[in-house]
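Visitor: First to last, the sequence lines map onto chains A and B.
In this text, residue positions in the first sequence follow the working numbering: the first is 728, and each later residue adds one.
In this text, residue positions in the second sequence follow the working numbering: the first is 728, and each later residue adds one.
Bear in mind the hints are in silico, worked out from the structure with no lab data behind them.
Keep in mind it's a predicted model, so treat the numbers as computed, not measured.
Among these hints, one or two may not hold up.
Since the list gives no way to pick out one identical chain from another, each pair is judged satisfied if it fits inside one copy or across any two copies.
Lysine to aspartate or glutamate pairs mimicking EDC-like chemistry, simulated, CA-CA at most 16 Å apart [unchecked claim]:
| hint | residue 1 | residue 2 |
| --- | --- | --- |
| 1 | K1161 | D980 |
| 2 | K835 | D995 |
| 3 | K1135 | E821 |
| 4 | K1135 | E843 |
As a plain string of letters, each chain reads:
Protein chains: 2
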Amino acid sequence: MSELNIQRLDAGAADFEASLQKLLAWEAVSDSGVNATVDEILGRVRTQGDAAVVEYSNRFDRVGVSSMAELEISRERLEQALEELPQAQRSALEEAAVRVRDYHERQKSDSWSYTEADGTMLGQKVTPMDRVGIYVPGGKASYPSSVLMNALPAKVAGVGEIIMVVPTPGGELNELVLAAAALAGVDRVFCIGGAQAVAALAYGTETVPRVDKIVGPGNIYVATAKRAVFGVVGIDMIAGPSEILVLSDGSTDPDWIAMDLFSQAEHDEDAQSILVSPDADYLDRVEQSILRLLPTMERRGIIEVSLRNRAAFIHVKDMAQAVDVANRIAPEHLELAVENPQALVPDIRHAGAIFMGHYTAEALGDYCAGPNHVLPTSGTARFSSPLGVYDFQKRSSLIQFSADGASKLGPVASILARGEGLTAHARSAEYRIKQD
Amino acid sequence: MSELNIQRLDAGAADFEASLQKLLAWEAVSDSGVNATVDEILGRVRTQGDAAVVEYSNRFDRVGVSSMAELEISRERLEQALEELPQAQRSALEEAAVRVRDYHERQKSDSWSYTEADGTMLGQKVTPMDRVGIYVPGGKASYPSSVLMNALPAKVAGVGEIIMVVPTPGGELNELVLAAAALAGVDRVFCIGGAQAVAALAYGTETVPRVDKIVGPGNIYVATAKRAVFGVVGIDMIAGPSEILVLSDGSTDPDWIAMDLFSQAEHDEDAQSILVSPDADYLDRVEQSILRLLPTMERRGIIEVSLRNRAAFIHVKDMAQAVDVANRIAPEHLELAVENPQALVPDIRHAGAIFMGHYTAEALGDYCAGPNHVLPTSGTARFSSPLGVYDFQKRSSLIQFSADGASKLGPVASILARGEGLTAHARSAEYRIKQD
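Bound conformation, chain A alone (with noise of 0.2 Å):
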């Protein structure tokens, strides 16, 4: 065995269900101390506004400042940014652009109705949110894509008015985050963060607008700030730590997994990297490629923490049995790593994005190839989706009886209400029903 001592686990193993839970055991713990912190930072917001920001932003990002205008970034200065940007990395930028909004304009939604043949009408219809905040952590994991992942499905909804929040602790402003910002259109900047910002989103203050929905990730304050707020706003899900599952049936160079398994594993120490397999060889010949190459990683101490801790290598008898563990797991990046991926996609039926065959680094997805990166995490995936153009629009129910159906239909409406005892609801439907 290697000195990472990499997890082996056998997926025909009886206990393969409880190890393979314990693999995946993952729980945010919002303790009550953090409970408590974040409840009185919200209320305080609430009733105090920018004032309560502004303290709150002195002393835990050090900002040293007396009022809310001097934390908000002016449009010129993000267009400063976007301007003084090195060639390159602008023109990747805006290539990534082009192709995220690209294949987001495919997820719009457009408001539909019918008409039946008594002329009573029914429908949908579809509308953007008014005003959206995007929150964008600050410090090590303050990255420009994450503004465009976050702000390009808005703009293509259609939303009025996005707003971003971003901590400067310290005072370091992220040149590459506030080109992102002005490249994805974004409205307003304010350099706030932790629950504070959430609550500035969520509430308004005199300075900050209140917003209808707050979508990104943060930390555990931000996360329990955002399911504090939920329902006063919308909000994206609960992010976990990244992880990344991937299905070889032997046939992609080594080195290539050990790096993809890399990609996932530098993010964080929590991080996942989790590969499947039916050749045992396979599995010893990654783990030779990830001895080989991670002496030469940059950011290796972090990749070894989070391999050591909680990566693993699954041997399975065949490629359906992967498809199960994978249908298992639910992952938010799953890489379907074989010679013919699209005669496995019909049979999963849980992955925040599926990334197929050897030429499909996450990597690719991530940064530029179209859709979204920000992902169900945790297994999430069974009931969740990408962020897209979905999460900023809204619909209505939209219904406009005839005469003839309302009173076709009223007899109908009564017989239910009256069962319900809602008597009230059975008369307005019979006031409604033809009296000739």
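Use these hints to put chain B onto chain A, whose structure you have.
Guide: Frame of chain A, contents of chain B only:
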């Protein structure tokens, strides 16, 4: 003024926004006592499974059982309830089910993909959830129509298994609810409720299978439990009291509007009914209808409290201002009681459902028009939608790069990854760049 003293507001008054805020103010407070109780219940059901659910059901619902098996209703029992329904009720339920199913069929999303010139394929795969849980309240708010409205969209989406929970305080079963479950194709029914039912569905027990999403309304314990398990499973919205906003140009029979307002108010004391019109005389006439009709209503006690505490008549200068008020409120139910509702709809930005014209009583929509009656309350139509098939489908991104596509986009991903300091991402993309 009437004995009811329905509150009057003038949209032109200087303090209108403040008055409106006060009128709409609503907060379901999960106090620390509720939170602590729910946390304990969730923890015990998670670790002790059936035993804890049985114990809580005996304590809270006084069902006197010794095992979970006694709390399951067999499919035969459901079918029996449907068979024994009076013919008129059964026909009405069946007609409603057909219309709800037909409407929701139009909400189904299909998978899509496209292939670029270099052979790269992008798309999105749409799949139903494996298993969902439906919470149906017990007691006086146990509505068969809600069983249809929650279960049928899941059925149309293609959900594999639908688990219904309904508390039976004192062991009392609602035959109409059981019949609706049979008709909607619910797979299993457990007579459990409260936070213990939410926990059983979210974590699974020896008897109750773990679901992927929980939908349906409930009391403060249910709402608090749903918020707590969000992320372990998907949840729908946290519902507040039901509300209706009627915009009238004065052309509808005032008795009809009075009854429409009653049909909202009769739900419970917290329900809210608001009428908006530019015609002050018309507001008076509706008030007279209310005073005349109220003594004839079976649920006049509830209606009276609801109207007195939470209703309002708002005078506006014209219908354009009425529409502004509607967008400001983002009502659950919006009734356009006007001659030409089509003219107003394009300007309505936020509403759960729009009931158009004189013949479209909300009651028709509640039972049998076809659209869902589970709608966003308390202004959440700003960011959320009626319950629909889309709540039971989820998406997976599909990405398959051709060798040419990966080679062409590799440098873009590499530049962006290096800009973020993620060099394993960069190298993973670089491996796929052709070397010749």
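Visitor: Checking against the hints above, which ones are violated?
Guide: 2
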